[in-house]
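2 protein chains.
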Amino acid sequence: MKKLFPLVTADIALFTIQEGSLRVLLGKRANTPELGRWALPGGVLDPMSDSDLNDTARRVLSSKTGVDVPFLDQVATFSGAARDPRGWSLSVLYYALLPRDLVPAVAGSKTEAIEWRDAFAPGSGLAFDHAKLIAAALATLRDKVDRAALPLHLLPERFTLTELQQTCELILGRSLDKSVFRRRLKDEPRIVQLDGEFLYGPQRPAQLFRAAVDFRF
Amino acid sequence: MKKLFPLVTADIALFTIQEGSLRVLLGKRANTPELGRWALPGGVLDPMSDSDLNDTARRVLSSKTGVDVPFLDQVATFSGAARDPRGWSLSVLYYALLPRDLVPAVAGSKTEAIEWRDAFAPGSGLAFDHAKLIAAALATLRDKVDRAALPLHLLPERFTLTELQQTCELILGRSLDKSVFRRRLKDEPRIVQLDGEFLYGPQRPAQLFRAAVDFRF
Numbered sequence: 001m002k003k004l005f006p007l008v009t010a011d012i013a014l015f016t017i018q019e020g021s022l023r024v025l026l027g028k029r030a031n032t033p034e035l036g037r038w039a040l041p042g043g044v045l046d047p048m049s050d051s052d053l054n055d056t057a058r059r060v061l062s063s064k065t066g067v068d069v070p071f072l073d074q075v076a077t078f079s080g081a082a083r084d085p086r087g088w089s090l091s092v093l094y095y096a097l098l099p100r101d102l103v104p105a106v107a108g109s110k111t112e113a114i115e116w117r118d119a120f121a122p123g124s125g126l127a128f129d130h131a132k133l134i135a136a137a138l139a140t141l142r143d144k145v146d147r148a149a150l151p152l153h154l155l156p157e158r159f160t161l162t163e164l165q166q167t168c169e170l171i172l173g174r175s176l177d178k179s180v181f182r183r184r185l186k187d188e189p190r191i192v193q194l195d196g197e198f199l200y201g202p203q204r205p206a207q208l209f210r211a212a213v214d215f216r217f
Numbered sequence: 001m002k003k004l005f006p007l008v009t010a011d012i013a014l015f016t017i018q019e020g021s022l023r024v025l026l027g028k029r030a031n032t033p034e035l036g037r038w039a040l041p042g043g044v045l046d047p048m049s050d051s052d053l054n055d056t057a058r059r060v061l062s063s064k065t066g067v068d069v070p071f072l073d074q075v076a077t078f079s080g081a082a083r084d085p086r087g088w089s090l091s092v093l094y095y096a097l098l099p100r101d102l103v104p105a106v107a108g109s110k111t112e113a114i115e116w117r118d119a120f121a122p123g124s125g126l127a128f129d130h131a132k133l134i135a136a137a138l139a140t141l142r143d144k145v146d147r148a149a150l151p152l153h154l155l156p157e158r159f160t161l162t163e164l165q166q167t168c169e170l171i172l173g174r175s176l177d178k179s180v181f182r183r184r185l186k187d188e189p190r191i192v193q194l195d196g197e198f199l200y201g202p203q204r205p206a207q208l209f210r211a212a213v214d215f216r217f
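Chains as they are written, first to last, in my numbering: chain A, 1 to 217; chain B, 1 to 217.
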């Protein structure tokens, strides 16, 4: 018999930059249904402990990956009788951004293998409707960056303008003109120049920046 | 005792143009909680009859207003333990657009008084967190039109370009330059010129248009 109450979950598309590509975190399911398939991290609402669904999302992500993400926001809600064999279900989808220097700290929970998949090609045979959910989260992220949002949450604490531009390009899937990009960042209040701090490498030293304390994505 | 399952509802911000302003439909609550307060039309998910939450939204709106809206889409999901005295609740908010010539057909259900309120100033003392929900739905609608979406669902079946521009202006809350607006509509595939059909009035006859059959908002 189908349940009379819907199953309410929060699912999270957690993005990061790794090895020059935009990645999304998937976990291998250790339980039925969809045992052994890859899925977005997610979990069931606990009305006794979660004050709202943002709480659910943060709790689930923290318990499944061991990290607390700095940024998390809603994408959309997916619902219906057909998307989960356990019955009528409703998933509030979030997207979250993880700075690249925190990626090594992410670990699956005891029962779960994890993988950082290419966000543009996360693989076939994913659990439930999660291929659709990943596409929706990616569209939201790209749309934000396309509208001049700066994906500062994906960068380490200190970064160069080249790293910032490359991060935007990886999300958008296209090159940006360097001089146009730099001009747009002039007098940009969301980034702060770190006077006297440079990244030293094979090329000439590059000025380092940090995100403004109260910047908005 | 608080319920262990969340109350899942769909609430709808139904917009139309009336008397030269953008309006949103409110109903006077005939039941507790919030008896007598004004609220967005909404209703509880019925997993036995709704195949997904879009179904819930359409069913609720049809039963509370007597009309089937041509356009309906999600805004966001609002949730938490504190927003409804009945316990943990989750509302998936939709926005919907009603052509102005269908406004006279809207009627409240037997127990409900309805009013078309100014969407920018819907009044104080609204039920639950519905003031916040209206603001969120309005922001989504404005954002769409700001990004060159044409609010054709708000217009009657046949309309002039002046009516289209006025509708955009009412949503955006600012004037648009007529020549820029007309230039943007040149070769616009979402509207179709009705050859030989004009609106006759005190000024010179105005060309009539209709929406393309498969246009997207």
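Fair warning: there could be bad hints in the mix.
Put simply, identical chains are the same to the list, so a pair is met inside one copy or across any two.
Said to hold, decoys possible - In the DSS-like style, the derived pairs of lysine-lysine whose C-alpha atoms are separated by at most 30 Å in a straight line are:
| hint | residue 1 | residue 2 |
| --- | --- | --- |
| 1 | K178 | K110 |
| 2 | K132 | K144 |
| 3 | K132 | K186 |
| 4 | K186 | K144 |
Derived by calculation from the structure, the hints in this document are not laboratory data.
task: Find the hints from earlier in the document that the structure breaks and name them by number, from lowest to highest.
output: Per hint list: 1 and 3 violated.
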